[in-house]
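Engineer: So the sequences go chain by chain: F and L. Residue 304 in my numbering sits at position 304 of the first sequence; the count goes up by one each step and never skips. Residue 62 in my numbering sits at position 62 of the second sequence; the count goes up by one each step and never skips.
By construction, these hints were calculated from the structure, which means they are not laboratory data. Hints may be right or wrong, so weigh each one.
Identical chains blur together in the list; that is why a pair holds if it fits in one copy or across any two.
To be verified - The list that follows gives simulated cross-link-like pairs (lysine to aspartate or glutamate, DMTMM-like), each with its CA atoms no further than 25 angstroms apart:
(1) K195 - D224
(2) K296 - D50
(3) K128 - D258
(4) K291 - D74
(5) K291 - E76
(6) K316 - D147
(7) K191 - E167
(8) K208 - E167
(9) K89 - E289
(10) K128 - D147
(11) K195 - E294
(12) K125 - E76
(13) K235 - E275
Since this is a predicted model, take the numbers as computed values, not measurements.
In case you want the letters, here they are:
Protein chains: 2
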Amino acid sequence: MYIGIDIGGRSIKIGIVNKDGEILYQNNTDTKVELGYEKIRDNLFKLIDDTFDIADQKKYDIRAMGIGVPGIADPENNYIIYATNLKWKNVPLGRDLKANYNLPIYIDNDATVAGIAESVRGVTKGYKNSIFVTLGTGVGGGLIINDRVYSGSHNKGSEIGHMIIGENFYDCNCGNNGCLETFASATAIDKYTQKLIDEGFKDEEFMKALSRNENIIDTKLVFDLAKANNKLALKSINRMTDYLSIGLSNLINLLNPDIIAIGGGVSKAGDYLLEQINDKIINYVTFKEGKTSEIKTSQLGNDAGIIGAALISEYK
Amino acid sequence: MYIGIDIGGRSIKIGIVNKDGEILYQNNTDTKVELGYEKIRDNLFKLIDDTFDIADQKKYDIRAMGIGVPGIADPENNYIIYATNLKWKNVPLGRDLKANYNLPIYIDNDATVAGIAESVRGVTKGYKNSIFVTLGTGVGGGLIINDRVYSGSHNKGSEIGHMIIGENFYDCNCGNNGCLETFASATAIDKYTQKLIDEGFKDEEFMKALSRNENIIDTKLVFDLAKANNKLALKSINRMTDYLSIGLSNLINLLNPDIIAIGGGVSKAGDYLLEQINDKIINYVTFKEGKTSEIKTSQLGNDAGIIGAALISEYK
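Using the sequences and the hints given, assemble the complete structure.
Structural biologist: What follows is the structure in structure tokens.
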């Protein structure tokens, strides 16, 4: 058995997971980012202690503990180097955990962890080489190469969202211009749709739907309207899938995995998204004949964080 | 001992190589592309037979034979799928070799093979994860991940030259627009320099040097003039290093190797090129603190093809 912990901006989730990725017990608490690292850590320790109590009661043998964080972790120093949404910078989570719990501890990026989960019991199960791409507020990625997590020599790889693929009308949070994230995230869709309206794209149907949505442009609204052939929405989604296809083709031309799994909020557009992408990718892929990488939407939902974190040790 | 064969558009080189990458014997013949596959293959067989005679005389025990080709090879079917410069399409080189020689035979792309050679006794030696980028007429790549060649699930990966990174004034041979190859190859430098002249960029100094060079724009001329601070040449090289830095940063953000080795004709610009790239890459790399991927020029010259091909088996 393994303990998996998913630290997000809103909640900390914990679970006891078996090697098939089944969650045997789970619990959670609010993150409360405003408390700062040390108090959040103490709340986390309480959650872990409770989970060990359950494990003892059920006589589960816990072999390792894994933590997924929304940032970059340095495994050598057991520090979390950087987690913007948690307002953490160089916090010693790994060291603190090691001081308290006598078992192997692994920390990794949340997209990497979600990629592991898909590999354990999701859409990339059974494939040697897979890429998990999460399209949410930002764009993240996790690479599985030869059945192992690959994050690069200094754990700074798999930053798919910051691959530069063109020029864009606004800069990325990272400071650069043209990152995939600024074309293919939920934020990107919303911003470009707003830009079209600001520039005077007249679409009564869209404006009516927008007012029914409390004047909030969100990705679901834009996708729903695009599916109904609304012109403004189509223009926005069409641009997004153009650039996403370029980004995914770059990954295929470079890494040619068995499969790319698309997760995150935007992936809820499902087959509609996949059809558009598949139609476009064939134009960008260098070798068009014979077998190449498949693209599918991810299968696991909110539990992916716990499952993947629990099983990091099996993919290292 | 191993036999390594490097099939290029001009010559076929063969060598007997030990596991340290030292060439103990070598020979070569003209390729004569116009003869077509079967005659070229027969010439190759003669070259191989002669090499085996030498091996017998010297009592070398040959364990495997590897071939580097300027194209894509399908290892499962032992076919060469595609080699533009040789005018080969779906030729059964692997099968024909297996029918004639009773030892393990490996075929791979020439950039992958050069990457292996650098890893055996060049600049990437001793590094677990490395990327070899060749900047010549086109842009090619070879990936070493966890001390093994990585070419993807269907052998269609490591196509670094076809990573789309922006928009360009001419299309790539592959049919797409914006491939790294159209910004960072020798061809790209020459084309952009010509474009500047065509558009009326006045530079007497450049035109004088050009006429001394028999009015041929080549990459050496442009780099030499850029080093001497010529304005036209600087503009051209500056644009090339901008885009090359974006391409290399995409690789670092995605794969974060220990090292990227730059080879091919353009790499002869040496430290001048490296300085410019290193100055620019820091702007594009997502994680700027701590250790990250190094960039160096390759160490091996013309023999890289023989050495790398000979040792493919050790990197599979």
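Engineer: Work down the list of hints and note, for each, if the structure agrees.
Structural biologist: We went through each hint and held it up to the structure:
1. K195 - D224: within (19 angstroms within a copy, 45 angstroms between copies)
2. K296 - D50: neither (37 angstroms within a copy, 51 angstroms between copies)
3. K128 - D258: For K128 and D258, both the intra-copy (7 angstroms) and inter-copy (23 angstroms) Cα distances are at most 25 angstroms.
4. K291 - D74: Answer is between; shortest inter-copy Cα gap is 11 angstroms, intra-copy 36 angstroms.
5. K291 - E76: between (38 angstroms within a copy, 12 angstroms between copies)
6. K316 - D147: Intra 9 angstroms, inter 15 angstroms, cutoff 25 angstroms: intra and inter.
7. K191 - E167: both (15 angstroms within a copy, 22 angstroms between copies)
8. K208 - E167: For K208 and E167, neither the intra-copy (32 angstroms) nor the inter-copy (36 angstroms) Cα distance is at most 25 angstroms.
9. K89 - E289: For K89 and E289, only the inter-copy Cα distance (12 angstroms) is at most 25 angstroms; the intra-copy one is 47 angstroms.
10. K128 - D147: both (5 angstroms within a copy, 17 angstroms between copies)
11. K195 - E294: neither (33 angstroms within a copy, 40 angstroms between copies)
12. K125 - E76: between (28 angstroms within a copy, 23 angstroms between copies)
13. K235 - E275: Intra 16 angstroms, inter 42 angstroms, cutoff 25 angstroms: intra-copy only.
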